[in-house]
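Student: Residue numbers (this note's numbering), protein chains in the order written: chain A, 1 to 169; chain B, 170 to 598.
For the record, the hints were derived by calculation from the structure and aren't laboratory data. Please note that the accuracy of each hint is not assured.
Unchecked claim - In silico DSSO-like cross-links for lysine-lysine, where the CA-CA straight-line distance does not exceed 30 Å: (1) A:K119 - B:K430; (2) B:K389 - A:K15; (3) B:K305 - A:K67; (4) A:K104 - B:K509; (5) B:K496 - B:K509; (6) B:K298 - A:K67; (7) B:K577 - A:K116; (8) A:K65 - B:K388; (9) A:K116 - B:K455; (10) B:K348 - A:K16; (11) B:K577 - A:K67; (12) A:K104 - B:K323; (13) B:K348 - A:K13; (14) A:K65 - B:K459; (15) B:K173 - B:K432; (16) B:K337 - B:K409; (17) A:K119 - B:K349; (18) A:K104 - B:K298; (19) B:K577 - A:K65; (20) A:K104 - B:K552; (21) B:K349 - A:K104; (22) B:K377 - A:K104; (23) B:K455 - A:K13; (24) B:K389 - A:K116; (25) A:K116 - B:K349; (26) B:K388 - B:K298; (27) B:K305 - A:K65; (28) A:K65 - B:K349; (29) A:K15 - A:K81; (30) A:K104 - B:K577; (31) A:K119 - B:K298; (32) A:K138 - B:K509; (33) A:K104 - B:K348; (34) A:K16 - A:K67; (35) A:K104 - B:K496; (36) A:K65 - A:K138; (37) B:K349 - B:K377; (38) A:K67 - B:K337.
A quick note: this is a predicted structure, and the numbers were derived from the prediction, not measured.
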Amino acid sequence: MKFNDFLKNIFQKYKKDEITFIGLGNPYRSDDGVGIEFINRIREDFNNSYTEFDNMDEVILNLMKSKNPGLLLFIDCSDFKGTPGEIRITTYDEIEDYGKHFHKIPIKLYMKLLIKENKQTFLIGIQPETLDSINEPKLSDVVSKSLTQLFGIIKDNIVSNSTCQVEKP
Amino acid sequence: MMKKITVDHLARVEGDGGIYVEIDGDKIKKLEVRIFEGPRLIEALAIGKLPEEVISITPRICAICTVSHKNASIRAIERALKTNENEKTYYARELMHMGEMIESHSLHIFALALPDYLGYPNVIAMVEKYADVVTKALNLKKYGNKIMQILNGKFIHGENATAGGFGKFPERSELLEIKKEAEESLAFMCAATDIVGGLELPDHLEEKTVFVCCNPADKKFGFWGEELIFSDGTVLPSTKYKENLIERVVPHSFAKRSLYKGKPFSVGALARLNCIGDRLKGEAAKYYKKYKNERWLKNPLYNNLAQAIEIIYCLERIPKLVDILLKLPDPKFEKATRKKGRGVGTVEAPRGLLVHDYSFEDGYVTDANIIAPTAYNLDDIEKYMANSALSLNKAGKNEKEIAFELEKIARAYDPCISCATHLVKVVKK
Chain A
1 MKFNDFLKNI
11 FQKYKKDEIT
21 FIGLGNPYRS
31 DDGVGIEFIN
41 RIREDFNNSY
51 TEFDNMDEVI
61 LNLMKSKNPG
71 LLLFIDCSDF
81 KGTPGEIRIT
91 TYDEIEDYGK
101 HFHKIPIKLY
111 MKLLIKENKQ
121 TFLIGIQPET
131 LDSINEPKLS
141 DVVSKSLTQL
151 FGIIKDNIVS
161 NSTCQVEKP
Chain B
170 MMKKITVDHL
180 ARVEGDGGIY
190 VEIDGDKIKK
200 LEVRIFEGPR
210 LIEALAIGKL
220 PEEVISITPR
230 ICAICTVSHK
240 NASIRAIERA
250 LKTNENEKTY
260 YARELMHMGE
270 MIESHSLHIF
280 ALALPDYLGY
290 PNVIAMVEKY
300 ADVVTKALNL
310 KKYGNKIMQI
320 LNGKFIHGEN
330 ATAGGFGKFP
340 ERSELLEIKK
350 EAEESLAFMC
360 AATDIVGGLE
370 LPDHLEEKTV
380 FVCCNPADKK
390 FGFWGEELIF
400 SDGTVLPSTK
410 YKENLIERVV
420 PHSFAKRSLY
430 KGKPFSVGAL
440 ARLNCIGDRL
450 KGEAAKYYKK
460 YKNERWLKNP
470 LYNNLAQAIE
480 IIYCLERIPK
490 LVDILLKLPD
500 PKFEKATRKK
510 GRGVGTVEAP
520 RGLLVHDYSF
530 EDGYVTDANI
540 IAPTAYNLDD
550 IEKYMANSAL
560 SLNKAGKNEK
570 EIAFELEKIA
580 RAYDPCISCA
590 THLVKVVKK
């Protein structure tokens with residue numbers, strides 16, 4: 001299934017307030033900041049958007065408690081050996097079991113707990129071109145272009161979907 | 170036959186370290202806990218700085234025990250520059266400290282250590298059977314973060330607490346929220362302590378050691394004090410730490426080591442309970458009495474149980490602290506009364522004794538020494554690993570099985586390798 005169709009399909013199942021976006025990454029490492037930048041852009045239209053610095057634990061644990069159905073989408077820079085800028089949707093089973101985590105809760109644990117509570121969750125990964133942390137780190141052109149494309153697809157799907165109608169001010 | 174065991178990267182600990190062991194028959198030829206984390210040079214950064222700058226710089230050593238470093242730094246500075254600590258500030262600092270204890274201990278017990286004992290490769294795999302425990306543990310971790318956020322402005326590297334007081338004391342509603350959540354979390358933590366207390370712990374590594382922690386005033390249990398208390402009965406002023414906990418450098422590690430009377434020793438939750446656990450009250454005392462046994466003095470794997478009992482202590486202490494804080498008016502900011510002097514701030518970080526030691530001239534730092542608990546524990550960690558490797562080798566265990574048990578020992582200590590790497594001085598002769 002095409003990326004666009006996949007998202008359209010998912011969004012049709014949920015009301016807007018049942019969908020949560022969490023952007024992960026480090027903006028000081030160039031393309032690693034793509035998840036954070038995505039949230040910065042979508043926040044204006046979408047209240048349930050958080051970066052990993054916005055009490056992520058609380059957001060996820062609250063979503064777990066909610067009786068409504070829920071969809072949580074993580075957006076992150078991911079090295080899946082694709083071409084730079086390539087976007088891929090990854091399910092829980094496709095994420096490597098990460099036993100080497102330190103004191104940060106791995107997103108796979110959150111995904112597992114959400115699935116246990118009958119919620120849906122995916123990781124939208126974007127292949128980085130550079131993780132440079134010096135010389136004024138910023139998104140590479142190719143990742144920036146992909147981000148714009150992703151942002152457009154998500155916004156279009158939410159806006160075009162009657163269930164997920166974005167409220168106008 | 171020679172066996173070589175290498176753990177390139179210690180999993181489920183903070184920072185970057187590994188283990189290397191060579192066993193030749195019934196002898197350990199080499200055993201090294203290798204610390205790869207680069208030195209942070211934080212002590213050097215503190216030199217020439219003002220007190221308010223040092224309070225912001227030194228906790229950057231670590232994002233896990235940031236509040237412990239903050240409180241140790243504040244205590245050292247206030248002692249060096251003779252700054253009064255008023256009652257409300259004292260109790261607010263204590264409450265903030267408990268946030269870190271709860272956050273750090275709950276993460277360590279449930280997400281990092283427990284999978285070892287329940288037979289899971291990691292906490293994710295545990296969810297299948299223990300989803301409720303994992304979720305409640307994450308809620309407890311979140312609660313710890315919330316306390317730090319309210320008291321210190323942020324849960325990592327907050328800047329609200331400083332020498333002389335707080336930028337802003339918490340609102341009444343925030344304090345009541347903190348109190349309510351402590352009361353609601355107690356039942357879960359008591360039940361969880363029974364899970365940890367019910368685990369069968371191996372005895373092949375056991376050997377008596379000495380434990381050290383801060384000795385809180387008035388024979389109370391707590392997380393700081395002006396004295397150090399040892400499980401051999403010795404009590405010393407904390408300013409004498411340097412003469413008694415002797416530091417040295419080893420070639421395979423960026424972290425310094427320390428010996429007490431020429432021997433390794435342990436710090437941390439188990440040390441606190443072994444040295445001052447008989448001062449606990451309420452439910453914490455009940456669980457301490459229920460599980461305390463002679464093996465606590467020789468088996469570091471009990472550290473996780475000690476951490477669980479300490480969370481109970483915090484959850485019982487927090488409502489009392491809130492009640493005290495609600496009665497006290499916000500005090501004025503206390504000012505330093507001198508610009509020159511030396512101060513030692515000793516606190517109990519989740520992983521054990523933490524020392525900040527500064528000297529000032531004309532209001533600027535001229536000397537700084539910071540020793541984090543993991544650095545104190547490293548010699549004992551290696552000692553217990555050697556015991557374990559020899560016993561398991563004798564019992565016919567293969568390299569993989571031995572490596573797993575050694576990792577378990579390291580994880581039981583909840584090492585914070587980032588903190589442990591402090592400045593190694595090179596002396597040219």
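Student: Look at each hint and say if it fits the structure.
Tutor: Hints versus structure:
| no. | hint | result |
| --- | --- | --- |
| 1 | A:K119 - B:K430 | violated, 57 Å |
| 2 | B:K389 - A:K15 | violated, 54 Å |
| 3 | B:K305 - A:K67 | holds, 17 Å |
| 4 | A:K104 - B:K509 | violated, 40 Å |
| 5 | B:K496 - B:K509 | violated, 35 Å |
| 6 | B:K298 - A:K67 | holds, 21 Å |
| 7 | B:K577 - A:K116 | holds, 28 Å |
| 8 | A:K65 - B:K388 | violated, 43 Å |
| 9 | A:K116 - B:K455 | violated, 35 Å |
| 10 | B:K348 - A:K16 | violated, 35 Å |
| 11 | B:K577 - A:K67 | violated, 38 Å |
| 12 | A:K104 - B:K323 | holds, 16 Å |
| 13 | B:K348 - A:K13 | violated, 40 Å |
| 14 | A:K65 - B:K459 | violated, 34 Å |
| 15 | B:K173 - B:K432 | holds, 26 Å |
| 16 | B:K337 - B:K409 | violated, 34 Å |
| 17 | A:K119 - B:K349 | holds, 29 Å |
| 18 | A:K104 - B:K298 | holds, 22 Å |
| 19 | B:K577 - A:K65 | violated, 33 Å |
| 20 | A:K104 - B:K552 | holds, 29 Å |
| 21 | B:K349 - A:K104 | holds, 26 Å |
| 22 | B:K377 - A:K104 | violated, 33 Å |
| 23 | B:K455 - A:K13 | violated, 51 Å |
| 24 | B:K389 - A:K116 | violated, 43 Å |
| 25 | A:K116 - B:K349 | holds, 28 Å |
| 26 | B:K388 - B:K298 | violated, 42 Å |
| 27 | B:K305 - A:K65 | holds, 11 Å |
| 28 | A:K65 - B:K349 | holds, 19 Å |
| 29 | A:K15 - A:K81 | violated, 34 Å |
| 30 | A:K104 - B:K577 | holds, 19 Å |
| 31 | A:K119 - B:K298 | holds, 18 Å |
| 32 | A:K138 - B:K509 | violated, 45 Å |
| 33 | A:K104 - B:K348 | holds, 26 Å |
| 34 | A:K16 - A:K67 | holds, 15 Å |
| 35 | A:K104 - B:K496 | violated, 37 Å |
| 36 | A:K65 - A:K138 | violated, 37 Å |
| 37 | B:K349 - B:K377 | violated, 41 Å |
| 38 | A:K67 - B:K337 | violated, 37 Å |
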